[in-house]
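*Asks:* Just so you know, the protein sequences line up as chains A and B, in that order. Residues in the first sequence are numbered from 1 upward in steps of one, following our numbering. Residues in the second sequence are numbered from 1 upward in steps of one, following our numbering.
Just so you know, the hints here were simulated from the structure itself, not pulled from any lab data. Every residue, glycine too, gets a C-beta built ideally from N, C-alpha and C. It is possible that some hints are incorrect.
[As the list claims (entries may be wrong)] Pulled from the structure, derived: some chain B residues nowhere near chain A, Cβ distances all over 10 Å: (1) D11; (2) S28; (3) T79.
[As the list claims (entries may be wrong)] Subject to a maximum C-alpha distance of 25 Å in a straight line, what follows is the list of computed SDA-like cross-link-like pairs (lysine to any residue): (4) B/K69 - B/N19; (5) B/K69 - B/I48; (6) B/K3 - A/Y100; (7) B/K69 - A/L99; (8) B/K3 - A/M41; (9) B/K69 - A/G42; (10) B/K3 - A/G101; (11) B/K3 - A/T103; (12) B/K3 - B/Y100; (13) B/K3 - A/D38; (14) B/K52 - B/D67; (15) B/K69 - B/F105; (16) B/K3 - A/P39; (17) B/K52 - A/A97; (18) B/K3 - A/E59; (19) B/K3 - B/Y46; (20) B/K69 - A/Y100; (21) B/K69 - A/G101; (22) B/K69 - A/R44; (23) B/K3 - A/R44; (24) B/K3 - A/V60; (25) B/K52 - A/T103; (26) B/K3 - B/N54; (27) B/K3 - A/A97; (28) B/K3 - B/S41; (29) B/K52 - A/L99; (30) B/K52 - A/S96; (31) A/K14 - A/P75; (32) B/K3 - A/D56; (33) B/K3 - A/L45; (34) B/K3 - A/G58; (35) B/K3 - A/L99; (36) B/K3 - A/Q57; (37) B/K3 - A/V50; (38) B/K69 - B/N94; (39) B/K69 - A/A97; (40) B/K52 - A/G101.
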Amino acid sequence: NAGVTQTPEFQVLKTGQSMTLQCAQDMNHEYMSWYRQDPGMGLRLIHYSVGAGITDQGEVPNGYNVSRSTTEDFPLRLLSAAPSQTSVYFCASSSSAGLYGYTFGSGTRLTVV
Amino acid sequence: DAKTTQPPSMDCAEGRAANLPCNHSTISGNEYVYWYRQIHSQGPQYIIHGLKNNETNEMASLIITEDRKSSTLILPHATLRDTAVYYCIVRSANAGGTSYGKLTFGQGTILTVHP
Numbered sequence: 001n002a003g004v005t006q007t008p009e010f011q012v013l014k015t016g017q018s019m020t021l022q023c024a025q026d027m028n029h030e031y032m033s034w035y036r037q038d039p040g041m042g043l044r045l046i047h048y049s050v051g052a053g054i055t056d057q058g059e060v061p062n063g064y065n066v067s068r069s070t071t072e073d074f075p076l077r078l079l080s081a082a083p084s085q086t087s088v089y090f091c092a093s094s095s096s097a098g099l100y101g102y103t104f105g106s107g108t109r110l111t112v113v
Numbered sequence: 001d002a003k004t005t006q007p008p009s010m011d012c013a014e015g016r017a018a019n020l021p022c023n024h025s026t027i028s029g030n031e032y033v034y035w036y037r038q039i040h041s042q043g044p045q046y047i048i049h050g051l052k053n054n055e056t057n058e059m060a061s062l063i064i065t066e067d068r069k070s071s072t073l074i075l076p077h078a079t080l081r082d083t084a085v086y087y088c089i090v091r092s093a094n095a096g097g098t099s100y101g102k103l104t105f106g107q108g109t110i111l112t113v114h115p
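Required output: the full structure, derived from the provided sequences and hints.
*Replies:* So this is what it looks like as structure tokens:
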């Protein structure tokens, strides 16, 4: 059972470039979320989804888009990368709205130069 | 949504119990207390959660005060591998609550377990 898989593990982008961070889970979880973590900080919610076709904004959504066409996948798109988006990005999934805990991926370390 | 307050850091000797406090004085009746930990920049790991009663699982125990304004996470026999940042989080149990399904992370407590 792979759990939550994030790719790539590391990425360097130039300012203005776009890219998609991938997140996939094989646990048939309906809830999926994206968080970012800046150095020395806690995680902040970017976007979340309560099921296929349903997404909503979190605390820091600007500069990011998401879609949820399948239960398994929840990609995060950076439209035009900025140095302020240098961060570690974590994807998480859960059943029952996280009542019994979220499962997190291992993260994508993104640097924008 | 209820906010939490945790000490920034704590130390514990290996083999001893680690008791991590959390204050959530504005918690409402339909909000759960959750604990997660993050080991060395890995993804956070769920530990335990509770509403009113004390809870125990294979990882830890959670003690919630009777007025629910504070709680303590107990790692009964801390090991070096328990060195991590521990996050105390409150979230709504009701689908109508703004924190339902979401986790709001604070700064957490850095627990260092010493040999």
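*Asks:* For the pair we were handed, B/K3 and A/T103, check the Cα-Cα distance against 25 Å.
*Replies:* 22 Å, holds
*Asks:* Given the hint that B/K69 pairs with A/G101, test it: the Cα-Cα distance must not exceed 25 Å.
*Replies:* 21 Å, holds
*Asks:* Would you mind confirming whether the straight-line C-alpha gap from B/K69 to A/A97 stays at or under 25 Å?
*Replies:* 24 Å, holds
*Asks:* Holds or violated: B/K3 and B/Y46, Cα atoms, limit 25 Å.
*Replies:* 19 Å, holds
*Asks:* Take the C-alpha atoms of B/K3 and A/E59, compute the straight-line distance between them, and say whether it is at most 25 Å.
*Replies:* 15 Å, holds
*Asks:* Between the alpha carbons of B/K69 and B/N94, is the straight-line distance 25 Å or under?
*Replies:* 19 Å, holds
*Asks:* Are the Cα positions of B/K69 and B/F105 separated by 25 Å at most?
*Replies:* 18 Å, holds
*Asks:* Does the structure keep B/K69 and A/Y100 at a Cα separation of 25 Å or less?
*Replies:* 22 Å, holds
*Asks:* Given the hinted pair B/K3 and A/Q57, is their Cα-Cα distance within 25 Å?
*Replies:* Status holds; Cα separation ~20 Å.
*Asks:* Quick one, are B/K52 and A/G101 close enough, alpha carbons at most 25 Å?
*Replies:* With Cα atoms ~17 Å apart, B/K52 and A/G101 stay inside 25 Å; holds.
*Asks:* Is the Cα-Cα distance between B/K3 and B/N54 25 Å or less?
*Replies:* Within the cut-off at roughly 20 Å; holds.
*Asks:* Between B/K3 and A/G101, does the CA-CA distance stay at or below 25 Å?
*Replies:* 19 Å, holds
Checked against the numbered hints given earlier, the structure satisfies every one of them.
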